[in-house]
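Please model the complete structure; the sequences and the hints are all you need to start from.
Going down the list, the sequences are from chains F and H.
Counting in the numbering used here, the first sequence runs from 1 upward without gaps.
Counting in the numbering used here, the second sequence runs from 1 upward without gaps.
Think of the hints as simulated: they come from the structure by calculation, not from any bench.
A hint or two may mislead.
[Unchecked claim] Derived Cβ-Cβ restraints for the label pairs, each shown as a range:
(1) T148(H) / K133(F): 43 to 53 Å
(2) S43(H) / T173(F): 24 to 34 Å
(3) E52(F) / E65(H): 30 to 40 Å
(4) Q19(H) / L114(F): 42 to 52 Å
(5) D51(F) / E129(H): 33 to 43 Å
(6) D14(H) / E110(F): 47 to 57 Å
(7) P179(H) / T22(F): 46 to 56 Å
(8) G115(F) / G25(H): 44 to 54 Å
All residues carry an ideal CB built from backbone N, CA and C; glycine is no exception.
There are 2 protein chains.
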Amino acid sequence: MSVHISQQFNAELDAVKNQVMTMGGLVENHVQSACTALVEGDSVLAERVVDEDFKINALEVAIDEQCTNIIARRQPTASDLRLVLMIVKTITDLERIGDEAEKVAKMARELAELGESKEQYVEIRHIGEHVRKMLHDALDAFARMDVTAAVKIAAEDEKVDQEYEAIMRQLITRMMEDPRSIQRSINVIWAARALERIGDHSKNICEYVIYLVKGKDVRHVTLDQMKKEFLE
Amino acid sequence: MSVHISQQFNAELDAVKNQVMTMGGLVENHVQSACTALVEGDSVLAERVVDEDFKINALEVAIDEQCTNIIARRQPTASDLRLVLMIVKTITDLERIGDEAEKVAKMARELAELGESKEQYVEIRHIGEHVRKMLHDALDAFARMDVTAAVKIAAEDEKVDQEYEAIMRQLITRMMEDPRSIQRSINVIWAARALERIGDHSKNICEYVIYLVKGKDVRHVTLDQMKKEFLE
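Right, here's the structure in full:
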């Protein structure tokens, strides 16, 4: 490959990576807004997340198209090809994080319309902040192709799962004690579930980074094995 | 591209497609077994699904690797390239259906160990059968690249969502009437949720088929628009 073509290829690749970061920033914003809307009963904020989900979808379609074009026109070598394919997978997870944020926002809108009082859903504040940070850090690891960071962030997912389990146990106890709280508790469970899935998708992004850099498929390796191999 | 190379390419592509069908068959079997294990309290069957999930993961890794190699060595044209990229996405969804089946199987195992009596989870029998059929038909549509079938199967997902909502309403009512049923009801809700997600993933596969054949991104188009465009 001549230097000229290689430079063009790199420029195109950088442009696509930048678009992934733009998409990631928008998705992160939606996660944060959806949680705030739910906890604070802010229907205007919730409406905005629902209304603007199409922007995330449009970015996914556009980036996907660009990746296909790059492969078709540039015919990249195996390692560059892996990077492009990794981007295609990353945006699929980002788009699905956007869907989960939209679900939380729709719930926030519905509850705000029902006139639920504010500060009702404080349980999800912590897990929401946790997965938003996971997503933010996963995007950072993607931008810098930082394997060490990626392994650490992927490990956070276990803590998110534990938080989720704790919320579940707490709510089941509450429902048993006070059956009138069942409908509300189920709503909290749905929101927590959506947030927990955002943790899963953020972990997927970290695994793509590790896979790409280490050239090894770690998607089905346990976390302990990963830590052993990459952090010790 | 010479006829010779083109024939080799087609043979490789057919081999990959066959592997996708093998993987799909295994995933379908896991969905069915997991549901049966839960409804009939069959811990041996549940154990088998959990133990053999690694086979699905291994198939995903192997097919993913083959797809990368085909693109790198054969440098397919835009339309062939789209097919290979579509296969990469399809196996990601199949792998995640396998994960959902594993979750249902783990729940079945746990409940069987707790000595829950059989026929406890009949509510999920119908939705389980529905999503298994959706997956089966989606794989058929993939094998034949049948857009008309794909649109119809994607439309089934709405019915699955409705079934899921009906199960939810029924269980919430039951929990309110009898708080002792809460833990059990939550279990049914988890299983139904996992099955509903299998419907989502099967719909994704159908959308890839439509996208590939129609050359249009239908992933973010509403079902009504799809029906209008492709069925009328």
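Is 46 to 56 Å right for how far apart the beta carbons of P179(H) and T22(F) are?
holds (48 Å)
For the hint 33 to 43 Å, verify it against the beta carbon of D51(F) and that of E129(H).
At 37 Å between Cβs, range holds.
Mind checking the hinted window 30 to 40 Å against the Cβ distance between E52(F) and E65(H)?
Since the Cβ atoms of E52(F) and E65(H) sit about 37 Å apart, the hinted range of 30 to 40 Å holds.
Do the beta carbons of G115(F) and G25(H) sit within 44 to 54 Å of each other?
At roughly 51 Å between Cβ atoms, G25(H) and G115(F) fall inside 44 to 54 Å, so the hint holds.
Against the range 43 to 53 Å, how does the distance between the Cβ atoms of T148(H) and K133(F) compare: consistent or not?
For K133(F) against T148(H), whose Cβ atoms are near 45 Å apart, the range 43 to 53 Å holds.
Cβ-Cβ distance between D14(H) and E110(F): within 47 to 57 Å?
holds (49 Å)
Check the following: the C-beta atoms of S43(H) and T173(F) are separated by a distance inside 24 to 34 Å.
Since the Cβ atoms of S43(H) and T173(F) sit about 27 Å apart, the hinted range of 24 to 34 Å holds.
So does Q19(H) sit 42 to 52 Å from L114(F), Cβ to Cβ?
holds (50 Å)
The structure is consistent with each of the numbered hints, conforming to all of them.
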